[in-house]
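Novice: Got chain A; can you put chain B on it based on the hints?
Spelled out from the first residue to the last, the chains are:
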Amino acid sequence: MHNATLKSLSVSLAARAFSSVELTRHFVNRINRLNPKYNCFITLDAERSLEQAEAADRMRSAGRAQPLTGIPIAQKDIFCAQGWLTTCGSKILSNFTSPYDAHVVERLNAAGAVTLGKTNMDEFAMGSSSETSYYGPVRNPWDVDKVPGGSSGGSAAAVAARLAPGAIGTDTGGSIRQPAALSGICGLKPTYGVVSRYGMIAFASSLDQGGPMARSAEDLALLLNVMAGFDPRDSTSLEREHEDYTRELGKPLKGLKIGLPQEFFAAGAAPGVVKAVEAAVAEFRKIGAETVEVSLPNMKLSVPVYYVLAPAEASSNLARYDGVRYGYRAPEYSDLMDMYRKTRSHGFGPEVKRRILIGTYVLSHGYYDAYYIQAQRVRSLIARDFAEVFKRCDVIMGPTSPTTAFRIGEKMGDPVQMYLNDIYTIPANLAGLPGLSIPCGSDATGLPVGLQIVGNYFAEAKMLGIAHQYQLATDWHLRIPPGCEA
Amino acid sequence: MALTLEDVKRVADLARIAIDEAEARAVLSQLNDVFKLIAEMQAVDTRGVAPMSHALDVVQRLREDSVTESDRHVLFQSVAPQVESGLYLVPKVLE
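Residue numbers (this note's numbering), protein chains in the order written: chain A, 1 to 486; chain B, 487 to 581.
If we strip away everything but chain A, and leave its shape as in the complex, we get (with noise of 0.2 Å):
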């Protein structure tokens, strides 16, 4: 059962071959059993992910079910969903239930989905690695020693251990593509403004996308249909035609021009990464398609682009964690300002503190043009790279991560390290791009190495076909990290 797409899942929930109750029950167990080994999840509540699989049931019973009833889904720990804890993988949030859903959780639930659990990551989704958590780092199921990759680390590990068979995580410079990288999954960021930022916790506003993440194209289409569409509550969302993410699955690929940017193939990318996306290339090319040599002479620019814009929007955006009016605050201080200072300094961790006083400084007198009006301007350099190359090819493809899993701990100590991990994700995130990563092979290790499909606005549908007829064509996107078979 732990083993089957979600896609087939769904198709044997309507043929009744087992109930929601059964499958969800199924998940539970395997998470108890196994969650330990990789620090997934923050936090479970069995019997209300019962409950809603008895409600999924029932509303299979009464002939309401939608493709996603009755299908438990893990969360990450940025959704605000009413009556859980919602941490942000953060102590400043340690005892925060959320009261209300995000719009995204909203949706699952309308669609019968089941809440399995809320996941493990980042603190408020910075870093690359699953490691700052207040609760712990994530463990990689292809090797226990290894990262899961983050922000979106204890969705993908969730997914790659088949502890759920599908989760929903948030991309602001990676935080989906590279963990699915590192841990063999498949993970989409919709073009921005696709999927409502409504009660997802802000990280950079005009970056952080909802998206998500399981084991095939196709499941990630099903569960695109649920998580996109306009929502009045969140200022950039867009109000668009409704689309079915799935319409293209079957297309085939003859004549599709891929780009193959010079700069993401460029030195900088471990040999096993380049070898992998090199031999699914030429499999890309097996299937019917064409490859194109292109530039995006800006690409280097967007780690540092980045490293201004989302700090900086960070540190506006986390101004709120102040122990008023929700979340921890300090149990001692001698008058306001002493509360929130101390409340701020013991709440937050290390590399949360490092971005919002980057941020701070980079918006405050004398240097917000020099900074943050800048990296704007080199933003749309970026953007307009990637206007001229669509106009050469159908989309654009390369590795998603310069390595695979790295060493826990290994990174920590040199932040700067672990911001380069994000080169070839952070364009995407500038550019408002959809961004999506596929497994395509393993390095000489074994582990997982994520090939990246970047299109044009809108493309979702597209990208989806594309990667669908691959996955038709292999099966990396099958293969089960050592242990989790059973």
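Relax, there's no trap hidden among the hints.
Simulated restraints, written as ranges between beta carbons of each label pair:
#1 B:Ser552 to A:Arg285: 53 to 63 Å
#2 B:Glu555 to A:Phe230: 11 to 21 Å
#3 B:Leu575 to A:Thr445: 50 to 60 Å
Distance condition first, Cα-Cα at most 30 Å in a straight line; then the derived DSS-like pairs of lysine-lysine:
#4 B:Lys495 to A:Lys342
#5 A:Lys342 to B:Lys578
#6 A:Lys300 to A:Lys275
#7 A:Lys91 to B:Lys578
#8 B:Lys522 to A:Lys300
#9 A:Lys275 to A:Lys251
#10 A:Lys353 to B:Lys578
#11 B:Lys495 to A:Lys91
#12 B:Lys495 to A:Lys353
#13 B:Lys522 to A:Lys353
These are calculated hints, taken from the structure and not from any lab test. For clarity, every value in this text was computed on a predicted model and none was experimentally measured. C-beta: ideal position from N, C-alpha, C; glycine also.
Specialist: Relative to the frame of chain A, chain B by itself:
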């Protein structure tokens, strides 16, 4: 642009984060590493380039000036550290 210890203390104060001397020194060298990374971006000639804050050509959505929310303060204050008579309690601000 290298930061000084004074800069770190100033921004920590602005951000309402307490930071002692030892922490400030540790953070200073890390922040300077990040600013070395950012220096490359500083050097780019962006004259004539408009700053980009949104991917697409959109404007702030407006709505009718009518009441659409209900008073849910009891629910929202149920998670507050200290509340009394619908007010959030904090240490005295004015002497």
